[in-house]
Amino acid sequence: MGTYVFVYGTLRYGERNHRIIAEEKLIAYQASIQGRMVDTELGFPAVVLDDSSWVYGEVYEVSEETLIKINALEGYEPKQDPYYERVQVEVKTDYGFLNAYTYYMVAHQVKEWSTIASGDWRLESILNRFRPYYFAYGSCMDTERIEQAGVLSEFDRMGRGQLSGFELQFTTHLPDGGRADIVEADDMVEGIVYQVTMWAIHYLYEREGVNVGRYRPAVVDVEFNGELHSMLTFIVIDKQEELAPPDHYLREILRGASPDVSSSYLAKVHERAALLRQPDEMGVEGEL
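The sequence shown begins at 6 in this note's numbering and counts up by one.
No lab work stands behind these hints: they were computed from the structure.
There is no bait here: all hints are sound.
The calculated DSS-like cross-link candidates involving lysine-lysine, where the alpha carbons are at most 27 Å apart (straight line), are:
{"hint": "1", "residue 1": "K244", "residue 2": "K97"}
{"hint": "2", "residue 1": "K30", "residue 2": "K74"}
{"hint": "3", "residue 1": "K30", "residue 2": "K97"}
{"hint": "4", "residue 1": "K97", "residue 2": "K74"}
{"hint": "5", "residue 1": "K273", "residue 2": "K244"}
{"hint": "6", "residue 1": "K30", "residue 2": "K244"}
Ranges between beta-carbon positions, derived for each pair:
{"hint": "7", "residue 1": "T8", "residue 2": "R162", "range": "40 to 50 Å"}
{"hint": "8", "residue 1": "E69", "residue 2": "E211", "range": "39 to 49 Å"}
{"hint": "9", "residue 1": "L132", "residue 2": "R162", "range": "12 to 22 Å"}
{"hint": "10", "residue 1": "L31", "residue 2": "S130", "range": "15 to 25 Å"}
{"hint": "11", "residue 1": "V215", "residue 2": "D265", "range": "20 to 30 Å"}
{"hint": "12", "residue 1": "S268", "residue 2": "G231", "range": "19 to 29 Å"}
{"hint": "13", "residue 1": "Q114", "residue 2": "Q153", "range": "43 to 53 Å"}
{"hint": "14", "residue 1": "K116", "residue 2": "G231", "range": "38 to 48 Å"}
{"hint": "15", "residue 1": "S130", "residue 2": "G164", "range": "20 to 30 Å"}
{"hint": "16", "residue 1": "P264", "residue 2": "E117", "range": "51 to 61 Å"}
{"hint": "17", "residue 1": "S58", "residue 2": "P264", "range": "38 to 48 Å"}
{"hint": "18", "residue 1": "T120", "residue 2": "L31", "range": "25 to 35 Å"}
{"hint": "19", "residue 1": "D181", "residue 2": "V215", "range": "13 to 23 Å"}
For glycine and all other residues, C-beta sits at the position ideal for the given N, C-alpha and C.
Given only the sequences and the hints, what does the whole structure look like? Please build it.
And the structure:
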């Protein structure tokens with residue numbers, strides 16, 4: 006068994022140093038630790054370990070040889086004055102909590118550097134692009150509410166995208182039922198790819214409740230037109246036990262997904278919602 010390492014900067018998928026760990030086993034694609042991310046202004050971030058916020062990244066199981074390469078990249082020399090410190094931290098994933106090494110700086114080293122509020126290095130690069138891709142997998146596949154908000158011209162609908170390694174679930178609760186989320190699993194989620202403007206992104210942040218902590222913006226790698234593209238999406242922060250979606254919300258998903266999304270995937274979404282609506286027969290029997 007190798008060593009778990011949490012990476013949050015240039016070692017992440019799609020970043021310039023990912024080649025160092027590209028052949029290692031990916032444990033969690035969407036993972037987080039408590040801490041604060043800062044911009045070194047040298048083309049890579051640093052992290053201070055405190056409980057002020059969250060830092061997002063990936064977890065890999067790496068060999069001893071690869072761990073030595075990561076130590077060298079991070080300037081970690083325990084017997085000398087290290088550039089980065091290394092420590093085991095608790096990491097939150099869709100599979101539960103685990104412990105992994107990560108690399109950090111102490112607070113006095115970063116006092117002149119600005120905080121990256123999102124805590125997500127890949128997200129910053131997406132948001133700096135001109136008309137980035139956005140992957141919608143829930144009700145935002147349907148343009149009716151977007152049009153009512155007067156921002157439909159800020160969304161260019163490009164077609165179907167496929168996200169591997171995730172499953173659609175309904176893990177956030179509103180008074181009338183559950184809302185969609187993507188959760189890491191051995192499965193695939195279909196959705197709609199848009200190219201969006203900054204006005205569209207502002208609208209999505211408000212609609213998805215980013216400021217109130219319901220969803221967070223994230224980067225996923227979606228297959229579109231036969232190639233993988235890094236795209237903006239939104240993921241539930243505090244995942245709860247699945248709750249059946251209300252009829253009107255499910256209609257938005259199914260209507261918005263057509264005609265781009267496959268009929269087999271739409272049937273799968275409909276079936277999942279139907280199963281969540283069924284009474285827990287085992288629970289009922291247990292009470293009798």
